[in-house]
Amino acid sequence: MTLKNLSLKNFRIHKKSDITFSNNLNFIVGGNGQGKTSILEAIYIMCTTKNFKASSDSELTRFGGNEFEIDGKFEDLTEDIIRIYFNKSDNKRYYFQNGKQLNRNAEIIGKFPIVLLTPEDHSLTQGYPAERRKFVDSVICQASELYLSSLLDYNKTLRQRSNLLFRLNENYSSSLIDQLEAWDEKLINTGTELIRFRMKFVLEFEKYVEESFRFIVDDSEKPVIKYDYLNSYSGDSIEEMFKKLLIEKKDEEIRRRSNLVGPHRDDFIFLINENELKIFGSQGQHKTFQVALRFAQYFYLKDKIGRLPIFLLDDVFGELDSKRAIRISQYLKQVGQAFITITDFANFSFLHKEEDDAKLLITNGEVSYA
Amino acid sequence: MNIAEPLLAAIEEFNKFPGIGRKTAQRLALFLLKRNEHEVKNFVNSILDLKSKLHFCGDCFNLATEDKCEVCLSPKRDRSIICVVEEVSDVISIEKSNEFNGLYHVLGGVLNPLSGVHQDDLKIKELIKRASNGETKELILAVNPDTEGETTSLYIAKNVKHLGIKVTRIARGIPIGGDLEFADEATVGRAVLGRIEI
Ligand SMILES: [Zn+2]
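One line per chain: the protein sequences are B and F, in this order.
With our numbering, letter number 246 in the first sequence gets 246, and the count goes up by one each step, no holes.
With our numbering, letter number 179 in the second sequence gets 549, and the count goes up by one each step, no holes.
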């Protein structure tokens with residue numbers, strides 16, 4: 001799948017930009033604040049409805065303006081024209097597909113698979129467990145509707161159960177405990193489903209990360225992902241472990257009025273050659289791991305959904321040493337359409353624009369081709 | 371705005387119906403205005419009868435004109451199987467399918483702590499009492515297989531376990547009388563995963 005054209009009106013610094021893209025690599029070159037990342041932001045909004053940088057849509061509206069518009073033409077087996085319109089007065093976005101307004105903006109999610117690599121990805125390896133769960137959940141959800149529905153079911157169970165814990169804390173009764181046992185069982189059923197999914201995913205995904213690693217660094221470094229579930233409690237089966245932990249933590253759960261057991265508290269541990277990245281990893285190893293995770297996500301989704309995702313790489317070369325940067329630029333030849341922002345082409349002499357690639361220069365929201 | 375008071379009142383009433391907006395309410399009121407008196411009286415009486423002649427069955431909490439509903443009174447129904455549902459509307463749709471010949475039990479909702487619905491707000495105690503009457507051999511839990519419905523099923527299963535009767539539930543995502551052909555990928559996957567016996 002490819003994005004053919006993009007038109008931005010009053011979006012960030014872009015007053016009016018009409019851009020035609022290459023089906024291969026699109027190098028988007030410009031200094032800070034010139035509007036190169038805005039192009040990635042617009043593409044990301046079209047595919048996911050989410051902002052990866054801005055905290056509000058007003059922030060995305062050009063200074064002094066009241067509305068913005070994004071128009072994109074996607075080509076797959078069919079052609080899809082997506083239009084997004086936002087205006088400040090109703091503070092709402094409107095999504096149109098081929099001229100028809102969507103009932104819910106969320107309908108667009110999943111239609112155009114996308115993978116984003118940004119400098120903020122440092123939190124994948126250096127941040128809290130929640131960041132890693134979010135990553136894993138988002139990748140599996142993109143590939144499996146079944147996982148998505150289990151996850152929604154599980155989150156609903158957590159909300160219901162924490163409400164019951166709250167009531168028990170206020171007013172302990174055997175009748176509420178009787179009901180809590182049913183919610184425990186529901187939590188175990190759905191939670192175990194999630195854990196099994198994640199186990200299977202990690203097993204499969206690890207191979208993709210290994211493959212990516214081999215492209216970026218030498219064979220001497222072998223990445224491993226360890227799924228740490230249910231506080232590494234040991235037991236006969238996941239259900240048994242889950243049950244035992246719930247019994248153990250019951251009083252504390254009521255005292256703290258929150259769900260203390262389950263896959264919403266799991267973590268994923270990254271290792272290189274048996275050394276835990278978080279403890280022993282160098283800056284370069286962290287960066288390599290983050291990049292490898294995103295490339296792995298790209299190829300995993302490609303295999304799972306049978307379509308080429310769009311790959312966005314925001315300022316990835318700036319933080320890499322030249323050896324790794326060269327390798328990644330080689331690796332990029334294996335992906336389909338990609339959008340790569342860089343501050344200055346001259347600093348990256350190893351980057352070669354092939355005939356099929358495009359090089360866009362962005363200066364103060366104006367786009368020119370080089 | 372100058373609309374005659376009786377018309378305005380009728381519009382307000384129709385507007386309270388589920389799925390009826392202001393515009394439709396106005397169309398319905400104007401429609402009634404054009405009917406003759408006899409037709410309107412029939413309509414009004416049928417609504418009044420809904421309230422005065424119908425109440426809930428003392429056994430299963432289905433709608434009934436007598437103390438007990440027609441299902442419970444029928445000698446042809448299999449009294450050893452009870453199908454547990456959330457609402458009266460579920461009884462109607464299962465009856466329409468003509469696939470079930472047992473008895474019903476209407477819970478009147480599902481467990482939902484966030485909305486303040488707990489087991490004592492539902493007809494669960496009554497169900498457990500019925501299930502222990504010696505005649506009942508099987509409970510089919512046909513509650514909606516969403517988060518709250520599944521938990522309600524688990525709660526009931528847990529509380530009738532000691533009776534030793536068979537407890538089954540419909541698999542998640544497959545509506546009663548529903549066709550696998552129309553279920554999407556997610557629900558079919560669920561149905562396959564879902565154990566039938568609890
Ligand atoms: Zn009855």
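Hints should not be assumed to be uniformly reliable.
To be verified - Heads up, simulated DSBU-like pairs for lysine-lysine below, C-alpha to C-alpha not over 30 Å straight-line: (1) Lys-386/F to Lys-92/B; (2) Lys-250/B to Lys-393/F; (3) Lys-507/F to Lys-100/B; (4) Lys-156/B to Lys-393/F; (5) Lys-243/B to Lys-393/F; (6) Lys-249/B to Lys-393/F; (7) Lys-53/B to Lys-249/B; (8) Lys-243/B to Lys-386/F; (9) Lys-393/F to Lys-92/B; (10) Lys-244/B to Lys-531/F; (11) Lys-226/B to Lys-302/B; (12) Lys-386/F to Lys-244/B; (13) Lys-278/B to Lys-222/B; (14) Lys-244/B to Lys-536/F; (15) Lys-249/B to Lys-386/F; (16) Lys-53/B to Lys-386/F; (17) Lys-536/F to Lys-243/B.
Claimed, not checked - A partial selection of chain F residues facing chain B, derived with a Cβ cut-off under 10 Å: (18) Asn-372; (19) Glu-375; (20) Leu-418; (21) Ser-422; (22) His-425; (23) Glu-436; (24) Asn-482; (25) Pro-483; (26) Asp-490; (27) Glu-496; (28) Asn-514; (29) Thr-521; (30) His-532; (31) Leu-533; (32) Gly-534; (33) Ile-535.
Hints are computed from structural coordinates only; laboratory data are not their basis.
Using N, Cα and C, we set each Cβ at its ideal position, and we do this for glycine too.
Hints versus structure:
no., hint, in the structure
1, Lys-386/F to Lys-92/B, "29 Å, holds"
2, Lys-250/B to Lys-393/F, "53 Å, violated"
3, Lys-507/F to Lys-100/B, "54 Å, violated"
4, Lys-156/B to Lys-393/F, "36 Å, violated"
5, Lys-243/B to Lys-393/F, "54 Å, violated"
6, Lys-249/B to Lys-393/F, "55 Å, violated"
7, Lys-53/B to Lys-249/B, "39 Å, violated"
8, Lys-243/B to Lys-386/F, "47 Å, violated"
9, Lys-393/F to Lys-92/B, "26 Å, holds"
10, Lys-244/B to Lys-531/F, "21 Å, holds"
11, Lys-226/B to Lys-302/B, "23 Å, holds"
12, Lys-386/F to Lys-244/B, "50 Å, violated"
13, Lys-278/B to Lys-222/B, "15 Å, holds"
14, Lys-244/B to Lys-536/F, "27 Å, holds"
15, Lys-249/B to Lys-386/F, "47 Å, violated"
16, Lys-53/B to Lys-386/F, "44 Å, violated"
17, Lys-536/F to Lys-243/B, "24 Å, holds"
18, Asn-372, "32 Å, violated"
19, Glu-375, "35 Å, violated"
20, Leu-418, "39 Å, violated"
21, Ser-422, "36 Å, violated"
22, His-425, "28 Å, violated"
23, Glu-436, "33 Å, violated"
24, Asn-482, "7 Å, holds"
25, Pro-483, "4 Å, holds"
26, Asp-490, "7 Å, holds"
27, Glu-496, "16 Å, violated"
28, Asn-514, "12 Å, violated"
29, Thr-521, "4 Å, holds"
30, His-532, "13 Å, violated"
31, Leu-533, "16 Å, violated"
32, Gly-534, "19 Å, violated"
33, Ile-535, "18 Å, violated"
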